[in-house]
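J.: One-letter residues, chain by chain:
2 protein chains.
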Amino acid sequence: MTAHMQSRPETVSASAPRPRIVIVGAGFGGVQLARGLDGAPADVVLIDQHNYHCFQPLLYQVATAVLSPADIAWPIRHILARQSNLTMLMARAEGVDRTARVVNTSEGPIPYDTLVLATGATYAYFGHDEWADAAPGLKDIEDATRLRRRILLAFERAETTRDEAERRRLLTFAVIGGGPTGVEMAGAIAEVARHALAPDFRNVDPRTARILLIEAGPRLLPALPDDLSAYAARRLEAMGVEVLIGRPVVSITEHQVALADGTIIDTATTVWAAGVQASAAGRWLDAQTDRAGRCIVTAQLTLPDDPEIFVIGDTASVKDMDGKPVPGIAPAAKQMGDYVAKVIRGRLDGKPTAESFRYRHQGDLATIGRNAAVVKLGHFELTGFLGWMFWGLVHVYFLIGTRNRLAVGSTWLWNYVTNQRAARLITAEPATSGPEPQNGARPVGERTLRRA
Amino acid sequence: MTAHMQSRPETVSASAPRPRIVIVGAGFGGVQLARGLDGAPADVVLIDQHNYHCFQPLLYQVATAVLSPADIAWPIRHILARQSNLTMLMARAEGVDRTARVVNTSEGPIPYDTLVLATGATYAYFGHDEWADAAPGLKDIEDATRLRRRILLAFERAETTRDEAERRRLLTFAVIGGGPTGVEMAGAIAEVARHALAPDFRNVDPRTARILLIEAGPRLLPALPDDLSAYAARRLEAMGVEVLIGRPVVSITEHQVALADGTIIDTATTVWAAGVQASAAGRWLDAQTDRAGRCIVTAQLTLPDDPEIFVIGDTASVKDMDGKPVPGIAPAAKQMGDYVAKVIRGRLDGKPTAESFRYRHQGDLATIGRNAAVVKLGHFELTGFLGWMFWGLVHVYFLIGTRNRLAVGSTWLWNYVTNQRAARLITAEPATSGPEPQNGARPVGERTLRRA
Numbered sequence: 001m002t003a004h005m006q007s008r009p010e011t012v013s014a015s016a017p018r019p020r021i022v023i024v025g026a027g028f029g030g031v032q033l034a035r036g037l038d039g040a041p042a043d044v045v046l047i048d049q050h051n052y053h054c055f056q057p058l059l060y061q062v063a064t065a066v067l068s069p070a071d072i073a074w075p076i077r078h079i080l081a082r083q084s085n086l087t088m089l090m091a092r093a094e095g096v097d098r099t100a101r102v103v104n105t106s107e108g109p110i111p112y113d114t115l116v117l118a119t120g121a122t123y124a125y126f127g128h129d130e131w132a133d134a135a136p137g138l139k140d141i142e143d144a145t146r147l148r149r150r151i152l153l154a155f156e157r158a159e160t161t162r163d164e165a166e167r168r169r170l171l172t173f174a175v176i177g178g179g180p181t182g183v184e185m186a187g188a189i190a191e192v193a194r195h196a197l198a199p200d201f202r203n204v205d206p207r208t209a210r211i212l213l214i215e216a217g218p219r220l221l222p223a224l225p226d227d228l229s230a231y232a233a234r235r236l237e238a239m240g241v242e243v244l245i246g247r248p249v250v251s252i253t254e255h256q257v258a259l260a261d262g263t264i265i266d267t268a269t270t271v272w273a274a275g276v277q278a279s280a281a282g283r284w285l286d287a288q289t290d291r292a293g294r295c296i297v298t299a300q301l302t303l304p305d306d307p308e309i310f311v312i313g314d315t316a317s318v319k320d321m322d323g324k325p326v327p328g329i330a331p332a333a334k335q336m337g338d339y340v341a342k343v344i345r346g347r348l349d350g351k352p353t354a355e356s357f358r359y360r361h362q363g364d365l366a367t368i369g370r371n372a373a374v375v376k377l378g379h380f381e382l383t384g385f386l387g388w389m390f391w392g393l394v395h396v397y398f399l400i401g402t403r404n405r406l407a408v409g410s411t412w413l414w415n416y417v418t419n420q421r422a423a424r425l426i427t428a429e430p431a432t433s434g435p436e437p438q439n440g441a442r443p444v445g446e447r448t449l450r451r452a
Numbered sequence: 001m002t003a004h005m006q007s008r009p010e011t012v013s014a015s016a017p018r019p020r021i022v023i024v025g026a027g028f029g030g031v032q033l034a035r036g037l038d039g040a041p042a043d044v045v046l047i048d049q050h051n052y053h054c055f056q057p058l059l060y061q062v063a064t065a066v067l068s069p070a071d072i073a074w075p076i077r078h079i080l081a082r083q084s085n086l087t088m089l090m091a092r093a094e095g096v097d098r099t100a101r102v103v104n105t106s107e108g109p110i111p112y113d114t115l116v117l118a119t120g121a122t123y124a125y126f127g128h129d130e131w132a133d134a135a136p137g138l139k140d141i142e143d144a145t146r147l148r149r150r151i152l153l154a155f156e157r158a159e160t161t162r163d164e165a166e167r168r169r170l171l172t173f174a175v176i177g178g179g180p181t182g183v184e185m186a187g188a189i190a191e192v193a194r195h196a197l198a199p200d201f202r203n204v205d206p207r208t209a210r211i212l213l214i215e216a217g218p219r220l221l222p223a224l225p226d227d228l229s230a231y232a233a234r235r236l237e238a239m240g241v242e243v244l245i246g247r248p249v250v251s252i253t254e255h256q257v258a259l260a261d262g263t264i265i266d267t268a269t270t271v272w273a274a275g276v277q278a279s280a281a282g283r284w285l286d287a288q289t290d291r292a293g294r295c296i297v298t299a300q301l302t303l304p305d306d307p308e309i310f311v312i313g314d315t316a317s318v319k320d321m322d323g324k325p326v327p328g329i330a331p332a333a334k335q336m337g338d339y340v341a342k343v344i345r346g347r348l349d350g351k352p353t354a355e356s357f358r359y360r361h362q363g364d365l366a367t368i369g370r371n372a373a374v375v376k377l378g379h380f381e382l383t384g385f386l387g388w389m390f391w392g393l394v395h396v397y398f399l400i401g402t403r404n405r406l407a408v409g410s411t412w413l414w415n416y417v418t419n420q421r422a423a424r425l426i427t428a429e430p431a432t433s434g435p436e437p438q439n440g441a442r443p444v445g446e447r448t449l450r451r452a
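So the protein lines, in turn, are chains V and S. In this text, residue positions in the first sequence follow this note's numbering: the first is 1, and each later residue adds one. In this text, residue positions in the second sequence follow this note's numbering: the first is 1, and each later residue adds one.
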């Protein structure tokens with residue numbers, strides 16, 4: 001910023017526009033950075049394709065009918081309403097013209113002096129993009145309501161079919177990937193089937209649903225110690241989830257999942273939680289990227305050849321003190337947002353910092369189901385009910401807005417007491433998705449309700 | 001039912017199937033009837049295209065970002081889970097084959113002994129179906145989230161355009177129809193613009209939004225006495241709504257609404273609340289219908305030529321004691337559901353009732369905005385804050401499920417205190433709707449954010 005402005009000091013005058021900082025992406029990193037620039041002598045523009053900031057760690061609870069979308073999403077404008085140097089633009093970023101110094105968006109080109117790309121990550125299908133329709137991932141609100149629709153529809157269709165094989169297929173749910181998202185999804189599907197749905201069906205018993213958690217690597221939750229991985233697997237199995245370890249997937253269609261060992265799983269609902277890749281930011285910038293598509297950045301999180309372009313969050317390739325990659329989690333993105341705010345403010349004040357970004361790992365946690373979670377903070381480990389309470393408190397605490405905290409807290413309490421799920425709505429497939437895969441392809445055979 | 005079974009007594013044996021009562025539609029009438037048949041010696045099948053019962057009177061609050069869809073919708077299976085003689089089928093009814101005595105649905109044909117059609121109403125565009133895309137109505141959850149999307153997007157697009165005429169168009173909202181839905185929508189849009197959105201925008205002032213309520217007839221709320229109509233109009237005008245009375249609409253496009261007197265209103269968001277027509281039940285049955293497409297039924301709510309086919313709710317043409325048409329409101333549908341349950345139970349018990357359906361009008365009420373509603377119960381009238389409190393209590397009371405009452409009650413309290421709107425999410429247009437009209441057709445001119 002200062003470098004840039006110093007290169008054309010003759011243009012700086014009392015009436016000159018203030019430098020413009022454009023932030024693309026209102027996830028954890030982008031919002032944290034925007035907040036950190038409150039009061040800075042610059043015009044901050046925050047661009048996102050949605051009008052809301054979404055609390056991604058709880059998306060799986062929207063997908064499993066626990067919470068409503070509005071419980072975990074908050075209008076970006078409202079979060080940042082009091083910040084007078086900030087403008088929010090709802091637009092889809094489509095590229096960066098580094099020569100013209102503009103971000104190209106669906107609403108036209110937006111010029112920048114300093115650019116921060118915080119565009120996050122999307123699913124990676126390891127070269128099998130054809131799996132995407134049959135096995136959607138869970139990255140935003142639309143994904144979550146789409147999965148909710150599929151999961152609830154599978155039970156509805158199982159209720160009406162008389163074809164026993166089809167019914168088994170409809171009642172089989174495959175979650176691929178044993179990281180925190182996969183563990184949480186598998187546990188949550190098991191709970192909704194065993195408890196919330198169980199009393200409401202006539203022709204099928206939702207408790208007989210088969211839920212598989214399929215992991216290619218040697219254990220669940222690889223970021224956690226062995227004993228916590230083993231605990232998670234045991235708890236999931238006690239909840240009726242089949243945990244398949246060291247079983248790579250080789251094919252996914254609308255009707256089945258095939259494993260490397262030849263196992264075929266007939267299923268109507270597959271959830272992808274196995275891998276992510278960075279957003280297109282690397283391509284936009286024509287920057288050097290790592291294997292996951294994340295931009296290689298300097299110790300100050302800028303592009304090596306342009307100190308006015310920062311990349312943060314899941315779309316940046318950053319190493320911690322020990323040379324290990326910084327994980328793609330919310331606290332890491334927020335720390336990068338905080339750090340870049342400090343760097344930019346230093347430059348604006350004419351006192352650029354020489355400090356490098358340092359990632360402080362605060363811990364890992366994942367919930368498994370009612371009364372069970374795994375938590376690791378430094379050397380401190382928690383499991384079971386205490387871990388679960390800790391997990392809940394942390395997640396409620398980090399929700400933006402008092403109302404969301406109250407709404408989520410009271411919904412969880414209600415669910416805990418009644419075992420109900422409030423948000424069991426099958427709503428229309430969003431138009432932005434591809435055509436709905438024929439997951440629930442209807443059997444042509446007889447129907448339970450059709451009389452002989 | 002008895003008549004039907006008596007005609008083939010030789011088929012009745014201990015192992016004979018119990019008579020099957022098929023109810024199509026899980027709105028207020030269908031659910032009330034289903035509940036009324038709890039424990040009856042019959043197999044009850046309730047068919048609905050959605051998996052949830054929706055509390056339609058509060059849809060306008062979903063459309064204006066006050067409530068979440070799950071706050072006013074409840075899984076049908078769950079409502080009726082304890083009713084062991086009932087099966088719920090999520091399917092779209094497509095017709096009735098009266099000869100074969102089956103309902104044709106998306107999930108195959110469903111045979112019936114007794115059929116009850118409670119399929120409700122849809123919008124009527126008075127022969128102008130081409131208005132439907134530009135001026136959506138408000139009958140289900142998808143309609144409500146679609147309208148929410150359009151209303152919120154209009155403000156987002158107004159924020160980014162630099163074309164002053166376009167900005168005025170985007171900030172103009174036309175509500176057509178001065179009945180309760182129109183009054184409530186106009187008031188709610190005015191409130192969200194004046195209060196919840198006002199502090200969050202930079203380039204536009206949402207308080208300058210122009211909201212028009214356009215009624216062809218001589219006054220608002222024609223079901224209510226003159227003084228209450230006048231009160232509603234005064235209150236709306238005090239909230240900044242332009243109330244146009246006696247002004248029929250002659251044309252609606254994506255860009256404007258034209259009135260019979262030649263007035264052209266440039267608007268990007270038009271809401272249709274002017275007229276409804278009955279569902280297709282009359283066509284399915286090849287039955288005699290009134291002008292609005294409602295089936296003409298006997299005093300027992302059956303087809304004149306088939307005592308085993310009932311039609312109830314908004315899709316039945318029924319007169320009250322004074323010969324006036326029974327209004328298309330929730331209490332009327334529920335009373336018909338109760339009545340038909342009694343008729344069917346009487347027949348099942350071999351003691352058919354001779355009693356006719358009698359509609360008891362309980363009252364009319366409509367809310368206008370914060371601290372203002374109109375209520376008429378018999379000779380008793382309420383307006384202002386007391387009317388508003390009464391309206392709120394009645395609506396919370398009739399919500400299904402304690403959790404929904406708590407959620408809606410606490411959300412209203414929160415909104416009242418903070419003036420915020422929690423559910424300000426712009427989510428994807430549902431795929432089931434037609435192509436999105438180019439409501440927010442983007443101006444090709446400059447953008448506020450584009451530097452000169």
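The hints are simulated quantities; they were obtained by calculation from the structure and are not laboratory data. Quantities reported herein were computed from a predicted structural model and do not represent experimental measurements. Worth double-checking, as some hints may not be accurate.
Stated by the list, open to error - Residues on chain S that point at chain V, a partial pick, calculated with CB under 8 Å:
| id | residue |
| --- | --- |
| 1 | His-50 |
| 2 | His-78 |
| 3 | Glu-107 |
| 4 | Arg-370 |
| 5 | His-379 |
Just so you know, even glycine gets a beta-carbon here, dropped at the ideal spot from N, CA and C.
J.: If a hint holds in the structure, say so; if it does not, say that too.
T.: So, going through the hints one by one against the coordinates:
| no. | hint | result |
| --- | --- | --- |
| 1 | His-50 | holds, 7 Å |
| 2 | His-78 | holds, 5 Å |
| 3 | Glu-107 | holds, 5 Å |
| 4 | Arg-370 | violated, 18 Å |
| 5 | His-379 | violated, 40 Å |
When each numbered hint is compared with the structure, violations occur for hints 4, 5.
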